[in-house]
Amino acid sequence: MSKLLKYEIRKTWALKLIILGVTAVAELAFLITLFLDQKNHGFIGLSCMLLFFIAMGGTILIGVQSVLTLHRDMNTKQGYMLYMTPRNSFQILGAKLLENGLSLALAGGFFFLLGLLDVTLLFSKLGTLEELWQFFQDFVRMINDQIQLNARSILCLVVEMLASWLATVSIAFLADIVSSALLNGKRMNGFLAFLFFILLTILLGWIQNQFRTGMSIEAILLVRAGIALLYSAVMYVVSAWVMDRYLSV
Amino acid sequence: MITSNNLTKKFRTKTAVDGVSLTLSPGHVYAMLGPNGSGKTTWMKMAAALMKPTSGEVLYEGKPVGVESRRHVAYMSTEPYFYSWMSVKDVGDYYGDFFEDFSATKYKSLLKEMELEGAMKTRTLSSGMMAKLKIAVTMARDAQVYMLDEPFNGIDLLARDEIRHCILREASESKVLLLSSHLVEEMEAVCDTAVFIKQGKLIEVRNLEEMREADHVSMADRYREIYGHTEVSYNE
Chain G
31 MSKLLKYEIR
41 KTWALKLIIL
51 GVTAVAELAF
61 LITLFLDQKN
71 HGFIGLSCML
81 LFFIAMGGTI
91 LIGVQSVLTL
101 HRDMNTKQGY
111 MLYMTPRNSF
121 QILGAKLLEN
131 GLSLALAGGF
141 FFLLGLLDVT
151 LLFSKLGTLE
161 ELWQFFQDFV
171 RMINDQIQLN
181 ARSILCLVVE
191 MLASWLATVS
201 IAFLADIVSS
211 ALLNGKRMNG
221 FLAFLFFILL
231 TILLGWIQNQ
241 FRTGMSIEAI
251 LLVRAGIALL
261 YSAVMYVVSA
271 WVMDRYLSV
Chain S
4 MITSNNLTKK
14 FRTKTAVDGV
24 SLTLSPGHVY
34 AMLGPNGSGK
44 TTWMKMAAAL
54 MKPTSGEVLY
64 EGKPVGVESR
74 RHVAYMSTEP
84 YFYSWMSVKD
94 VGDYYGDFFE
104 DFSATKYKSL
114 LKEMELEGAM
124 KTRTLSSGMM
134 AKLKIAVTMA
144 RDAQVYMLDE
154 PFNGIDLLAR
164 DEIRHCILRE
174 ASESKVLLLS
184 SHLVEEMEAV
194 CDTAVFIKQG
204 KLIEVRNLEE
214 MREADHVSMA
224 DRYREIYGHT
234 EVSYNE
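Top to bottom, those sequences are chains G and S. The C-terminal position of the first sequence is numbered 279 in the numbering used here, with every residue numbered one higher than the one before it. The C-terminal position of the second sequence is numbered 239 in the numbering used here, with every residue numbered one higher than the one before it.
The hints are simulated quantities; they were obtained by calculation from the structure and are not laboratory data. The structure displayed is predicted, hence computed values, not measured ones. It cannot be assumed that every hint is accurate.
Claimed, not checked - Covered stretches of chain S (in silico footprint by chain G; criterion: 3 or more residues with CB under 8 Å from a CB of chain G, positions within the stretch not fixed):
| # | stretch |
| --- | --- |
| 1 | 95 to 102 |
| 2 | 116 to 130 |
Claimed, not checked - If you anchor each label on the Cβ, the simulated ranges turn out as follows:
| # | chain 1 | residue 1 | chain 2 | residue 2 | range |
| --- | --- | --- | --- | --- | --- |
| 3 | G | 260 | S | 202 | 30 to 40 Å |
| 4 | G | 233 | S | 18 | 30 to 40 Å |
| 5 | G | 275 | S | 22 | 18 to 28 Å |
Unchecked claim - With a straight-line Cα cutoff of 25 Å, these simulated BS3-like cross-link-like pairs (lysine-lysine) come out:
| # | chain 1 | residue 1 | chain 2 | residue 2 |
| --- | --- | --- | --- | --- |
| 6 | S | 201 | S | 13 |
| 7 | G | 33 | S | 92 |
| 8 | G | 36 | S | 13 |
| 9 | S | 124 | S | 111 |
| 10 | G | 216 | S | 111 |
Just so it is clear, CB atoms sit at the ideal spot from N, CA and C, and this is done for glycine as well.
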C-alpha cells in the first residue's frame, strides 16, 4: 500500500503547497504587524482572524480535494492508472483514506502549533491586553460553549474536529462510490447520493450526541473523536466492498 | 489462456456485449474487428477487469479476472489515461512500482526508438507521441496477455510502422496479443487470427491463413462481407 500512498500524496501536494504559501504570507503579515505596529490592535486582530480562517479553510479544502480526486479516479480515464494495477479496492481506498487522515493530522498539528506559537508571541508582546484575551475566549466559545481556553482543551477540540471531518470525508467517499458504482446512469443520481451523504452525516451526529453528559468536556470531545474514527472505519469497509463488487471504470 | 463465457454487458438502453463466448490462446496475434460501438472496447475492459459484466464471466488461466490477472494482463486503452502531472519518466516509474514484469531498461530503449524524452510532460504530448508512449510503457512489460485498443489510432504512417514493429517483436508462443483497430489492412500485416464482432455479438473467429486458403478472401474482404454491403467476388 506504500506505493499507492506515495501516488496519492503526489496527486494532492499542489494544493498543500498553496495552503502552506498562503499561510506563510498571512503569518508574515501577523508578525510584521505584531513587531512593527504594536499599537494597531485592529490589524493584529485582523491578521489573527485571517490565520484562523486559513487554518479552517485549508483543513476543509484538504478533505474536499480528497473527495474530488476519488471522483476523478472513478469517472475519468485516469482511473485506469489506478484500477489496472494489481491492487484491490481495500488497498486503493485505504491509501486514499490514509493519505487524507495523515494530511488532516499533519495540517491540524501544524496549525495548532502555529496558533500556540502566535498566541504565546501575542501575549508576550501585549500581555496586559484584557480585550484581546476576552476576544479569544469568546471566539473559542463560539465553537464550543463549554470549552476552557487552555492548551489541553483546545487540543481535544482540534482532535475532535479533525476526526469528525475525516468521518465526513469518508461518508462523502461512500456516497460518491455509491453514485459511481450503483447509481451510475440512473435518474437523480447526484441528488440521491447527496441525500445518502446527508443521512449518514446526521446519523454520525446523532451517535456522537448520545455522549454529552457525565464527563468532562475533554472526555466528551475525545469520545466524539473516537466515534468519528470508528465511523470512518465502517464507512471505509462498506465503501471498499461496494467498489470491489460493483465499480466499473 | 483468456476465456469469456456468455459475457454480457448492458448499459441503460444498450447491450454493448451480448453473450460473447471466446477463447484466446497463446501463440496468436488476434485482431478484434468491428465498427464503432460493436463492443470491442467493452469486451477488452471486462477482460482487463476494469469493468464488471452484467452477466457471464471472463477467466484468466481458469480463474475469474481480477487483481491477480492484472499482474499478467497488460491493457492499453485507446484514450490517454496518464495523470496530467506525469512526465514520460514518471509514467515508467509508475509502471515499475506496480508491475513486477515491467523492465525499466526495455522502457528506456523503447523510448529512444520512439524518439521520446523522459523529461517530456505527458500533457504536452501530441496524439502521435501519446500513442507511442502508451505502446512503449505497455510493451515494456513482460505480460502474458497484451490487449491493445486501437494502437494505430490517429497517428501517421511512420509512427504506425514503429508501433507495428514493436508489437510484432513481442509475439511469442507463450503470449496472447489482442489488437483492435479500424485500420483493417494495417491489422492484416500483424495478426494471424481475426475476431469479428457486430452489435455486441461474436460473429466468428477465423485464422487468416486458413481463411485465405479456404475462402480465398482477405481479412478486409471478410470485414466488408460482414459489416458492409459489398459482395466479394471469389477467385474460384
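According to a criterion of three or more residues whose C-beta lies within less than 8 Å of a C-beta of chain G, is the stretch 116 to 130 of chain S covered? With 0 residues closer than 8 Å to chain G, the stretch 116 to 130 of chain S misses the three-residue bar; violated.
Between residue 233 of chain G and residue 18 of chain S, does the beta-carbon spacing fit 30 to 40 Å? Cβ of residue 233 of chain G to Cβ of residue 18 of chain S: about 39 Å, so the range 30 to 40 Å holds.
Looking only at beta-carbon atoms, does the pair residue 275 of chain G, residue 22 of chain S fall within the given range of 18 to 28 Å? holds, 22 Å
Is the straight-line distance between the alpha-carbon of residue 216 of chain G and that of residue 111 of chain S 25 Å or less? violated, 45 Å
At least three residues with a C-beta closer than 8 Å to a C-beta of chain G: is that true for the stretch 95 to 102 of chain S? holds (count 4)
Between residue 33 of chain G and residue 92 of chain S, is the straight-line Cα distance small enough, at 25 Å or below? Holds, because 16 Å separates the two Cα atoms, which is no more than 25 Å.
Within 25 Å, alpha carbon to alpha carbon, are residue 124 of chain S and residue 111 of chain S? It holds: about 16 Å lies between the C-alpha atoms, which stays within 25 Å.
Is residue 36 of chain G close enough to residue 13 of chain S, meaning Cα to Cα at most 25 Å? With a Cα-Cα distance of about 36 Å, the restraint between residue 36 of chain G and residue 13 of chain S is violated, given a limit of 25 Å.
Outcome of range test on Cβ distance (residue 260 of chain G, residue 202 of chain S; 30 to 40 Å): For residue 202 of chain S against residue 260 of chain G, whose Cβ atoms are near 50 Å apart, the range 30 to 40 Å is violated.
Restraint status (C-alpha distance of residue 201 of chain S to residue 13 of chain S at most 25 Å): holds, 15 Å
In summary, the structure is inconsistent with hints 2, 3, 8, 10 from the numbered list given earlier, while agreeing with the others.
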